[in-house]
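K.L.:
Please construct the entire structure, taking both the sequences and the accompanying hints into account.
Line by line, the protein sequences are chains A and B. Under the UniProt record's numbering, the first sequence has 545 at position 545, and the numbering climbs by one with no breaks. Under the UniProt record's numbering, the second sequence has 34 at position 34, and the numbering climbs by one with no breaks.
Calculated directly from the structure, the hints in this document are not laboratory data.
Example chain A residues on the side facing chain B (calculated, C-beta under 10 Å, incomplete):
{"#": "1", "residue": "Gly-88"}
{"#": "2", "residue": "Asp-93"}
{"#": "3", "residue": "Gly-94"}
{"#": "4", "residue": "Phe-95"}
{"#": "5", "residue": "Glu-109"}
{"#": "6", "residue": "Trp-332"}
{"#": "7", "residue": "Ala-366"}
{"#": "8", "residue": "Pro-374"}
{"#": "9", "residue": "Gln-439"}
Chain B regions said to be covered by chain A (calculated; three or more residues, Cβ under 8 Å):
{"#": "10", "segment": "222-231"}
{"#": "11", "segment": "308-319"}
Here a beta-carbon is modelled for each residue, glycine too, at the ideal position from N, C-alpha and C.
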Amino acid sequence: MITFDQVTVQYEDTAEPVLRDVNLTVEEGELCLVVGHTGVGKSTLLGAVNGLVPHFTGGTLYGRVTVDGRDTAEHPPRELADVVGVVGQDPLDGFVTDTVEEELAYAMEQLAVAPATMRKRVEETLDLLGLADLRHRALHELSGGQQQRVAIGSVLTAHPRVLVLDEPTSALDPTAAEEVLAAVTRLVHDLGVTVLLAEHRLERVVQYADRVIHLPGDGRVVSGPPAEVFRTSSIAPPVVDLGRIAGWSPLPLSIRDARRAAAPLRTRLDGVVPPPVRTALPADRPRLLSARGITVTYQGVPAVREVALDLRGGEITALMGRNGSGKSSLLWALQGSGPRKAGSVSVGESDGPGTRDPRKVSATEARRLVGLVPQTPTDLLYLESVKQELDQADSESAVQADGIPARTLLDRLAPGIPDTTHPRDLSEGQKLALVLAIQLAAAPRVVLLDEPTRGLDYRAKGELIGIVDGLAAEGRTVVISTHDVEFVARAADRVVVMAEGDVVADGPTTEVIVASPVFAPQTAKVLAPLPYLTVDQLASVLDAHGTDPSA
Amino acid sequence: MPRTSAATARSSAPGLAPDAGGRRLPRTLHPVAWWIWALALATAVSRTNNPLLLFLVLAVLGYVITVRRTEAPWARGFKYYLYLALTVVAIRVVFRAVFATGITPHDHFIFSLPHLPTPDWYAGIKIGGPVSLEALLSAATDGLRLACMLCCIGAANTLANPKRALRVLPGALYELGVAVTVSISVAPQLVQSVQRVHRARRLRAGRSQGLRALRGIIVPVLEDALERSLRLAAAMDSRGYGRAGTATRRSRRATGALMLLGMCGLCAGAYGLLDATAPALLGFPALVLGGLLCVAGLRLGGRRITRTTYRPDPWRAAEWAVAGCGVLSAVLLFSNAGFNAAELNPSIYPLSWPTLPLVPAAAILLAGTAGFLAPPPSAPVRPSVPAQRTEEST
Chain A
1 MITFDQVTVQ YEDTAEPVLR DVNLTVEEGE LCLVVGHTGV GKSTLLGAVN GLVPHFTGGT
61 LYGRVTVDGR DTAEHPPREL ADVVGVVGQD PLDGFVTDTV EEELAYAMEQ LAVAPATMRK
121 RVEETLDLLG LADLRHRALH ELSGGQQQRV AIGSVLTAHP RVLVLDEPTS ALDPTAAEEV
181 LAAVTRLVHD LGVTVLLAEH RLERVVQYAD RVIHLPGDGR VVSGPPAEVF RTSSIAPPVV
241 DLGRIAGWSP LPLSIRDARR AAAPLRTRLD GVVPPPVRTA LPADRPRLLS ARGITVTYQG
301 VPAVREVALD LRGGEITALM GRNGSGKSSL LWALQGSGPR KAGSVSVGES DGPGTRDPRK
361 VSATEARRLV GLVPQTPTDL LYLESVKQEL DQADSESAVQ ADGIPARTLL DRLAPGIPDT
421 THPRDLSEGQ KLALVLAIQL AAAPRVVLLD EPTRGLDYRA KGELIGIVDG LAAEGRTVVI
481 STHDVEFVAR AADRVVVMAE GDVVADGPTT EVIVASPVFA PQTAKVLAPL PYLTVDQLAS
541 VLDAHGTDPS A
Chain B
1 MPRTSAATAR SSAPGLAPDA GGRRLPRTLH PVAWWIWALA LATAVSRTNN PLLLFLVLAV
61 LGYVITVRRT EAPWARGFKY YLYLALTVVA IRVVFRAVFA TGITPHDHFI FSLPHLPTPD
121 WYAGIKIGGP VSLEALLSAA TDGLRLACML CCIGAANTLA NPKRALRVLP GALYELGVAV
181 TVSISVAPQL VQSVQRVHRA RRLRAGRSQG LRALRGIIVP VLEDALERSL RLAAAMDSRG
241 YGRAGTATRR SRRATGALML LGMCGLCAGA YGLLDATAPA LLGFPALVLG GLLCVAGLRL
301 GGRRITRTTY RPDPWRAAEW AVAGCGVLSA VLLFSNAGFN AAELNPSIYP LSWPTLPLVP
361 AAAILLAGTA GFLAPPPSAP VRPSVPAQRT EEST
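P.N.:
So, in structure tokens, the structure goes:
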């Protein structure tokens with residue numbers, strides 16, 4: 001269906017080609033998972049399939065890419081629209097019309113499909129993706145998962161043989177992501193569509209993949225069956241890591257497979273107390289922030305309902321809950337920049353000299369009390385180079401003489417970012433580090449991060465854990481709102497779960513996360529009822545006992 | 001998907017159409033039919049100064065809108081046109097009172113404004129002074145006529161979905177339609193982007209006033225918008241937008257030339273028709289010639305596009321009837337048949353009570369039959385669940 005023949009892609013502004021001598025064949029009806037770290041050329045590979053690379057993006061493509069017998073050198077993307085359907089990260093970016101039905105019809109209108117056929121295909125697609133109830137609704141009123149399903153539907157109506165999805169769930173919460181991935185697997189199984197899927201959160205999709213294309217980062221491409229590729233790949237979901245450590249063969253890809261393979265291991269580990277994921281915190285931590293009765297409403301609709309929260313120094317708190325449950329609103333209210341209808345926030349050591357409410361002081365003062373990194377960190381960046389941003393941060397925060405300059409902070413968080421780089425050219429993880437450094441320049445003792453894991457790959461998440469651990473070790477308190485349960489299992493001391501503006505659970509990570517079968521990380525699911533949360537815990541137990549894992 | 005279907009089941013329940021239980025199926029009338037109707041009525045209005053007739057037109061507009069508008073956001077805008085109309089009348093009256101002009105000694109003076117002496121070189125205009133009933137009335141009726149025409153346009157915008165109206169644009173103007181549609185949907189996103197960045201400014205304790213603050217907001221917003229439009233362009237490209245037709249450079253130029261000439265012709269023709277002092281040759285012939293040139297241009301331009309329309313609006317008897325009753329009322333008002341043309345513009349000097357001429361009144365009421373000639377609009381679609389994404393991003 002798709003053939004890459006000696007393909008090399010070179011952009012003008014990079015010295016090394018992004019892809020080098022790629023030979024690849026994807027058969028009809030396969031679900032192909034494209035994995036690799038950020039910036040290794042996943043999007044380039046996907047873009048080459050329908051000719052967006054190089055027709056739209058620029059750069060030079062050597063070799064030949066053919067899709068369904070058509071050479072992309074001679075066919076620009078629009079001429080391939082009837083063969084390849086492309087769905088991007090944020091569905092809102094691709095919408096041309098404003099209602100569901102019109103959006104579904106758009107591609108067909110461009111392809112000059114007869115009106116009667118069009119009507120029939122729209123009805124079929126509405127049913128196929130479960131959108132029939134939403135047909136007349138405006139696109140911007142839909143939830144993220146519904147929007148992404150409409151985006152998939154809008155390319156499906158053209159009856160493409162190939163569907164290219166570039167991280168379709170990265171902007172969605174877990175429920176919405178499940179919804180979209182369920183729709184995708186259904187297409188593969190019912191319609192035999194060939195699917196090329198790039199995805200960061202591998203744990204969700206790896207079990208459905210027929211083939212994995214791994215980009216190690218040097219321009220090469222390794223392709224093969226999932227169990228084979230993951231044996232050696234640099235990134236893998238926790239369930240695969242677990243299988244590697246335990247030495248299971250074949251490598252399990254789903255919780256079900258792993259759980260069946262894990263039965264002997266569970267018996268053997270019974271009675272062994274696993275080491276804690278995180279070192280226990282001292283009991284007499286100072287209380288740095290105390291919030292009472294926080295209420296936030298938007299046009300009368302409550303987003304946060306009378307929430308009480310205490311944050312203590314040295315503690316990392318994860319704030320979880322579905323989209324729209326009030327996580328962001330709570331963080332903004334705590335910082336004082338967002339609206340707050342009722343309640344009080346007092347920041348400062350409870351026994352120290354005087355606590356203050358960040359809402360009642362100037363913005364400069366509020367920054368020194370609570371630092372917040374918003375969901376879109378780039379909203380804070382507006383200068384031409386990293387150096388200018390950092391200098392600006394130093395002057396804005398007006399740190400006392402003993403303050404640490406932002407540059408030093410940045411080097412501590414993410415070493416090696418040159419002064420002259422334009423902030424927009426940084427990777428997602430680097431942008432996050434830059435904004436965090438800017439916020440830390442004011443030396444706040446309470447640090448709030450709003451969905452920092454969105455769009456980060458495994459490596460960047462690992463680095464983020466290191467960063468927040470460092471902040472906590474300095475005696476600060478950190479709150480991270482996130483959907484990523486694997487990240488929470490490794491990074492957080494405490495989990496607060498919100499639903500409809502209420503705090504529905506608040507407690508140590510182990511208790512909150514393991515208690516819920518949906519929220520539990522993969523390791524916990526495989527090894528339940530044993531209280532393991534991360535792969536590292538198992539690794540250290542197996543090391544300590546020095547037993548042959550295959551026994 | 002049980003989660004979504006349970007929540008949205010209410011929205012698909014049949015709403016109350018105005019014609020519930022009637023014989024005709026609810027459907028949306030072709031937008032062009034409403035536009036023809038409204039423009040014809042506006043043309044008819046331009047003929048008359050008679051306040052009775054003008055109020056009748058407003059009543060007719062109000063009736064048709066009440067029975068045939070939908071619940072869509074764009075259909076709730078008529079009251080703004082009414083406010084605009086009132087403002088127009090008020091401005092005209094106030095200006096006429098302040099810049100006292102056209103006062104004759106026989107007028108009925110009501111009150112007097114303080115007179116402002118103007119310098120010699122400004123002698124043409126008097127400010128203040130006595131205000132006469134005649135001047136105010138003539139200003140009010142003039143204003144009312146303009147207000148009525150405004151309301152006619154407002155009615156068309158209220159009754160016809162502006163996006164569907166754009167879709168009937170001929171193929172050659174398709175790109176224009178797309179540009180408008182995209183900008184309509186991008187504008188709210190831009191506003192949201194500005195709000196988000198503005199809120200984020202406080203996090204950095206950035207200045208909220210002055211040039212530098214502006215830069216702090218504009219740069220991220222523009223970068224955001226630029227990236228977004230690039231992604232949109234990529235998405236449109238990969239969905240087949242702009243697939244090659246059979247256009248050559250010459251045919252494109254010919255299209256442009258024909259359209260330009262045609263438009264000039266149309267403008268000249270319209271001017272000639274509406275201005276009684278213009279030479280007769282300028283009126284109808286220029287209009288027809290311009291129209292023909294435009295049609296030719298659009299035809300030529302449309303040939304290069306291969307595209308179809310999803311669920312095109314049909315043009316059936318109801319469309320003929322609605323457009324027809326509008327045009328007929330305009331023709332009746334211009335025909336001077338069966339009534340004295342002077343009755344359309346009752347005299348202010350000397351002051352007289354306006355009479356209601358029968359034929360023009362009937363003609364305007366005829367336009368009002370559009371209210372039941374048009375099929376009832378489709379049942380309203382109500383959003384049942386507030387969008388979760390927007391809730392968090394506000």
